[in-house]
Amino acid sequence: MACRMQISRHSRWRRAFDGFGLPPRFLTLALLGLPGLASAAYNFNFPEPVTPIARETLHIHNEFMLIITILFVVVFAIMIYSMIKHRKSVGHQPARFSGPKGATQWFWALIPFAILLFIDFVLMGIPAVKAIINMEDTQTRADMVLKVTGMQWKWQYEYPEAGVKFISTLSTPRDQISNAEAKGEHYLLEVDKPVVLPVGKKVRILLTSTDVIHTWWVPQFGVKRDAIPGFLRETWVLIEKPGTYRGQCAELCGKDHGFMPVVVHAVPEPEYLAWLEAQKAEATAAAGGADRAWSSEELMTEGKAVYEKVCAACHQPDGKGLPPAFPGLAGSKIVNGPLLDMNGKVIKDSHVDRVMHGKAGTAMQAFSASLSDVELAAVITYERNSFGNSKGDMIQPAQIKALR
Amino acid sequence: MSIATTHPGGHAAEPYQGGLRRWLTTTNHKDIGTMYMMFSLIMFFVGGLMILAVRAELFQPGLQLMKPEFFNQLIGIHALVMIFAALMPAATGFANWMIPLMIGAPDMALPRLNNWGFWLLPPAAILLTLPFTLALFGIGDGALATGWTFYAPLSVQGGMGVDFAILAVHILGISSIMGSINIIVTIFNMRAPGMTMMKLPLFAWGWLITAFLLIATLPVLAGAVTMLLTDRHFGTHFFDAAGGGDPILFQHLFWFFGHPEVYILLLPVWGLMPHVLATFSRKPTYGYKAQVYSFIAIGLLSVVVWAHHFFTAGMPVPALIYFMFSTMAISLPLAVLFFCWIATMWKGAMSFETPMLFAIGFIVLFGIAGLTGLILADVAADAQYHHSYFVVAHFHYALFAGGIMGVMTGVYYWLPKWTGHMYCEKLGKLHFWLTVFSFNLTFIPQFFLGLAGMPRRIPDYALQFAEFNAISTVGAFILGLSQLIFAWNIWITVRGGKKAEGRVWESAEGLEWELSSPPPHHSWETQPVIK
Chain A
1 MACRMQISRH SRWRRAFDGF GLPPRFLTLA LLGLPGLASA AYNFNFPEPV
51 TPIARETLHI HNEFMLIITI LFVVVFAIMI YSMIKHRKSV GHQPARFSGP
101 KGATQWFWAL IPFAILLFID FVLMGIPAVK AIINMEDTQT RADMVLKVTG
151 MQWKWQYEYP EAGVKFISTL STPRDQISNA EAKGEHYLLE VDKPVVLPVG
201 KKVRILLTST DVIHTWWVPQ FGVKRDAIPG FLRETWVLIE KPGTYRGQCA
251 ELCGKDHGFM PVVVHAVPEP EYLAWLEAQK AEATAAAGGA DRAWSSEELM
301 TEGKAVYEKV CAACHQPDGK GLPPAFPGLA GSKIVNGPLL DMNGKVIKDS
351 HVDRVMHGKA GTAMQAFSAS LSDVELAAVI TYERNSFGNS KGDMIQPAQI
401 KALR
Chain B
1001 MSIATTHPGG HAAEPYQGGL RRWLTTTNHK DIGTMYMMFS LIMFFVGGLM
1051 ILAVRAELFQ PGLQLMKPEF FNQLIGIHAL VMIFAALMPA ATGFANWMIP
1101 LMIGAPDMAL PRLNNWGFWL LPPAAILLTL PFTLALFGIG DGALATGWTF
1151 YAPLSVQGGM GVDFAILAVH ILGISSIMGS INIIVTIFNM RAPGMTMMKL
1201 PLFAWGWLIT AFLLIATLPV LAGAVTMLLT DRHFGTHFFD AAGGGDPILF
1251 QHLFWFFGHP EVYILLLPVW GLMPHVLATF SRKPTYGYKA QVYSFIAIGL
1301 LSVVVWAHHF FTAGMPVPAL IYFMFSTMAI SLPLAVLFFC WIATMWKGAM
1351 SFETPMLFAI GFIVLFGIAG LTGLILADVA ADAQYHHSYF VVAHFHYALF
1401 AGGIMGVMTG VYYWLPKWTG HMYCEKLGKL HFWLTVFSFN LTFIPQFFLG
1451 LAGMPRRIPD YALQFAEFNA ISTVGAFILG LSQLIFAWNI WITVRGGKKA
1501 EGRVWESAEG LEWELSSPPP HHSWETQPVI K
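Note that the protein sequences, when read in sequence, are chains A and B.
Quick note on numbering: our numbering labels position 45 of the first sequence as 45, and the sequence is numbered without any gaps.
Quick note on numbering: our numbering labels position 285 of the second sequence as 1285, and the sequence is numbered without any gaps.
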C-alpha cells in the first residue's frame, strides 16, 4: 500500500505540474533534497480524477492556474523592474505624467484590458460555460438514482429502485480522535457502511437533509452539492475506475461537522448487483423481524448498537448528554415517563414521540424516517433501561410498526 | 492641485477636559478617530488570539485542546470580530481623522452622531464575546457556533450565542450607518471652496462609495438576522421549508450584504493607496479619473454578484452563468486600479520607507487574492474550491493582505501626522518583513490543503493534511507575535520620538500636510481655497 501511494503521489505530481510545463522529475528531486519533506504527504493539486466532470474540472483548473500565474509574473515583473530602475537612491528623476496622452499612449494603456476581457470571457468563459452545462445535466441517459440524505452527523443512502436504504457513519474509534490510540491509515475518512456504486454507469444523485444544510463532497468525483432540508438538489457521477473514494461533509453543520465522511465503493456492475441483492435480502429479513416478539435481552443488545451508532454523538455514550444543547438521557423526565397511553397510542412529547418524531428547532430529528421498526424499538427499550434508568418496560418492533 | 492657504495653524483656546470624561463626551473628529483606531487595534488582538487557539488545535490531527463545539464558536467569532470590530472601525477611524484634514473642513459634519457611532462599538464587542464568559459560569452553551455567516437552519437550532450575535450585528450595523451618513454629509457639504468632486482626494472617494454601500446593504443584513430571530423565538418560518420557507433565502439575503461588505472593507484601502504610492514615488497619481470611475463601477457591480458565494447550493444554469460572468466583470475595474497603482510608480523616484513597503506588499499579495478570485468565479472549478481551505486562503489574501496590510500602510503613513512624532523606521521594516513572510507561510499551505480536499471549519482532519497544517500553524504564530512589534511601535511613537514636520514626507501632496503635526485641535478654522 505504501508503495502504491508513493506511485500515485508521483503521478499526482506529474499532473499537477504538467499544466505549468515544468519537468516533474526535477521538482521531485528538488524536494528529495530537503530532508523530511519528501516522505511527507504534500499534495499540490486536486486528487486523481475518476469521473468525466472531475477530469474536466482539473483540466480547467490547471489551465486557469497557468493563466493567472502568467498574469502575476508579467504584471509584477514590470513592477519590480520599475522598483529597481526608478528609485531615488540610483538618482532617477521623477517624471510628471498623470495619465495617458495621445493616441499611442491610450492604445498601450487599453491593451491590457483588451487582453483581460479576452481572458475572462473567451479563454476562461467558454470552457466554463461548457463545463457548467455538462455538470448540471443530471437527467440525460441517467442509469440509476442514488438518494443522499444528510443528517447530523451521518449520511443516509437510498436506492429508490431497489428499495434499499441505510445509514453510513464514521467508524474511526473515539480513542483515535482523543489521541489515546494510534491513528489508522484512513483516520476520519472511514465509515461503517460505505455506499456502493457501479463503475461506468451514470448515477443521478438526489440530495436532501433532515435538519441543517450539509454538503456532499468527494474530491475525486469533482462533485460538491449542498443537501438542503425540505428541498431536493441534484448532481451526477459516472465513475470510471473501481476503487474506494473518500470525501467529507463540506458545510458547517454543527459540532460533528468534521466527523461525517463520505466513502464510496465503486465496483464493476455484476459485483454491484450482487451487493444490492444481498442488501435487499437483509432488508427483508429485518422487516420480517418486526413481526415476531423480541426478548428484552435481544432488544437491549440491538439497542446498544443502535444507540452507539446514532445517538451517542449528542447524548454521549454514558447518556449524560452535553447540556444545554444536547440534554442527558440519564434520569431524564421524558425517558422515565410513561411509554404509551392506555390505548397503546403515542403520548405527545413522550419518549416514543421524541425518538420517532423529533423536536422542531433542535438537533433532535424524527428518527421514524431513518430507523427500522426493530431499531426504534430496540433503542427506546435500551434508553429506558440504561444509564441508571430502570423503567423495566419494553416496546416491541410490532408496536412501532403499528404506530407509524 | 495648488492650494492657497490662509492661516492653517491658528486654534482657539478652549476649555480642555482631561480624563475619561473627555473621551466619553468628545465630539472632536480627531479624538473619535483615535478611539476608533485604538478599539480596532485591541479587537485585532482579540480576534487574533481566537484564531491562534484554532491554529494550535489544528497543529496536529486529533483533538488536543478543545471540543468541536468550542472550535466552531472561535472561528465564527474570530471572523465577526475581525470584520466588524477590527477592520471596519479602522477604516472609520481613518475617515474621522483624515477626511476633514484632506478636504479642508474644521470637523465632521455631525459631531454628536460621530460620538454615538463610536460608543456603540464597545457594547457590541462585549455582546459578541460575552457568551464565552457566561458559558464558563454554566450559563448558556457559548457563543455563536455557526461561522460568521449565520446560515439557517443551523443558526435556528443554535443556543443563545446566536441571539447575542444578532443583537451585536444590529448595534454594529447602526454604528456603521451613522458613520456612513456622517461621512457622506461631510464630503458633500464641507469641502473647501474650489474643491470640486473631481478634485476630491481619492481616499475620500473610496470612503464615499463605501458609505453608500453600507447604507444600501446593511439594512438587508439587519432584516435577515431579524427574520432569523423571529424564526428562533416567535414561530415564523422564513427559513424553514416545513413551514413554507426556504433556507437558501437566508443565503441570498446574507450575501446581498456579504459580498459588498468585501468592498466596504477594501475601498477605503484602495482609496489611500494612491496617496502613499504618489508620495513615495515622488510623482502625481496616475489615472485619477479612471480610479474614481473604477470605484463607482466596483460599487455598482458588487451588489449584483452575491450568489457566487453559494454556487454549490444549486441554482438554474442561466443563474450560474450570469453570476459567473458578472463576478468576472469585476476583474476589469480592479485591473484598472492595479494598472494605475503600478503606473504611478513607473518612472518615479521611489524610496522604500515602511508605508511604501506595506503598499507594495499590499499590491502583490492582494494581486494573488484578485487572481484566485477570478478562478473562484468559475462555476466548474468552484465546485472543487468551494467550502475548502482554498477559499480560506483566498479571502485571507483579500482581507488580511488587502484589508489589514492596507490599514497598516495608512497607519505608518499618517501616524507621524497624528502624533507629531516619527515612528521607528527599523521596527517598521522588521514588522513588514516578518508580516509578509509569516503571512505567506500561513496561507500558501492553505491553498494546497484546499486543492487536496480539506474542507474548511473542521476541528480535526485526515492524516494527509497534517504537514501543511503544521506549517500553517507555525506561520500563524509568527504572524501573531510580529504584530506585537506593530503595537509597540505605535506605543513608542505616541509617547515620544523624533519630531515630525507638518509635511512629514518629502513630496507628500494634499491639504492634510499643510497643517502642523499633530494638527490643531480644530483642523481648518479658516477654510483653505483650492484653485
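Be aware that one or more of the hints could be misleading.
What the hints assert, rightly or not - Straight-line distance between alpha carbons at most 30 angstroms, and here's what the computed DSSO-like set of lysine-lysine pairs gives:
1) A:Lys202 to A:Lys320
2) A:Lys101 to B:Lys1067
3) A:Lys241 to A:Lys304
4) B:Lys1347 to A:Lys320
5) A:Lys85 to B:Lys1289
6) A:Lys309 to A:Lys165
7) A:Lys88 to B:Lys1499
8) B:Lys1429 to A:Lys101
9) B:Lys1429 to A:Lys88
10) A:Lys401 to A:Lys193
No lab work stands behind these hints: they were computed from the structure.
None of these values were measured; they are calculated from a predicted model.
Exercise. Which earlier hints turn out false for this structure, listed by number in ascending order?
Worked result: 1, 2, 3, 4 and 8
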